[in-house]
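S.K.: Sequence:
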Amino acid sequence: MSDCCCNSGCCCSGGEPRPSAAGSVSVPAISTSLSLKDIAGAWKVRWGIGRDNYTVEPGLYAVGEPDTASPVLISANYKLTFDTLRKNLTDLDCWLLILDTKGINVWCAAGKGTFGTNELVSRIDVTGLTEIVEHRKLIAPQLGATGISAHEVTKRTGFSVVYGPVRAKDIKEFIAADYKATKEMRTVKFTFWDRLKLTPMELVKAAKVSIMVFGVLFLFNLFASRLFGLADFLAYSAAVLAGSVLTPVLLPFIPGRAFAFKGWLMGLISTAIISYVYGWFTPPLLLLGIGYMLALPAYSAFIAMNFTGATTYTSFSGVIKEMKIAVPAIILSLVAGVVLILIKTFIG
95 MSDCCCNSGC CCSGGEPRPS AAGSVSVPAI STSLSLKDIA GAWKVRWGIG
145 RDNYTVEPGL YAVGEPDTAS PVLISANYKL TFDTLRKNLT DLDCWLLILD
195 TKGINVWCAA GKGTFGTNEL VSRIDVTGLT EIVEHRKLIA PQLGATGISA
245 HEVTKRTGFS VVYGPVRAKD IKEFIAADYK ATKEMRTVKF TFWDRLKLTP
295 MELVKAAKVS IMVFGVLFLF NLFASRLFGL ADFLAYSAAV LAGSVLTPVL
345 LPFIPGRAFA FKGWLMGLIS TAIISYVYGW FTPPLLLLGI GYMLALPAYS
395 AFIAMNFTGA TTYTSFSGVI KEMKIAVPAI ILSLVAGVVL ILIKTFIG
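Counting from 1 along the sequence shown, just add 94 to a position and that's the residue number in the working numbering.
Check the hints yourself; a few may be wrong.
[To be verified] The list that follows gives simulated cross-link-like pairs (lysine-lysine, BS3-like), each with its CA atoms no further than 30 Å apart:
hint	residue 1	residue 2
1	181	138
2	302	263
3	196	302
4	249	266
5	291	138
6	277	266
7	302	415
8	283	196
9	231	291
10	418	196
11	283	231
12	206	266
13	266	138
14	291	266
15	291	277
16	131	181
17	283	131
18	231	299
19	299	418
20	263	415
21	196	131
Everything labelled a hint here was simulated from the structure, so no lab data went into it.
Between the sequences and the hints, there should be enough to build the whole structure, so can you do that?
M.R.: The structure is reproduced here in structure tokens:
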């Protein structure tokens, strides 16, 4: 899709709109090749830039030269998801039925209800899909299964729902095998690279908070008896990296099940190292050391907990349970730590 005008409803193939006729319905065609603009857009979104508006228009799209017998794939209107799917459809003639998930990926949208039965039924009706294909079969992504009631879709539209593989790269093999998935296709993986790709977003969030934190520390330094300096900056930065990078990257190897605990443990280790190096465990600075040991691991835990909504290591009920326990503990520890740090800063 070179030059995809995603917010105006048309997507281009080879730089020009190319409607694909199916009966009396005209369907925009899309390319399976990503342009530099698409790649740059994906990079920006990974860093949290323009994330809320990175969408394509919901509706029906043609890939290749589909006909009335071609398969119909369902996906979300989050452009990163859309692009990931289409780039894996080279040499395949098919239809893409894109649901309005409010710019949210399939897995998260299924949990929120926007990748759901009602939206799918509505989109089938709005696009006139029954006039475009003769068969009555839809391929839904496996990670969206929780949002779609297959029997309800069949009851209301006559279309049956088949759940495809976890990864878009397996979709062509899945279709060629007469819609049968291997065990490998059904296995949900969350590799080192998958986890690493999530870290830029959290780093950007932490950077925004850090600007405010550093601004406050600068003001404190105007009146403090003990100035905040390089050591404090390193301790804070280490805690941020512990929660936003080390925790997701080392996730399978960190003890414990809760993300908050994993982040807290990484933050505790990083803070302990900095505290030891700068002598914060010795009597003159012990209060400062205790304050940082309470505050910084709690902050690492909070950052790490954000990953619960972006991984396959937990469930919605598990996230709710973890938050009920972790959030109060994080707040108490953070407040207690900050109080001790300020006492040492202003009183000595």
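S.K.: Are there hints from earlier that the structure breaks, and if so, what are their numbers?
M.R.: 2, 9, 18 and 20
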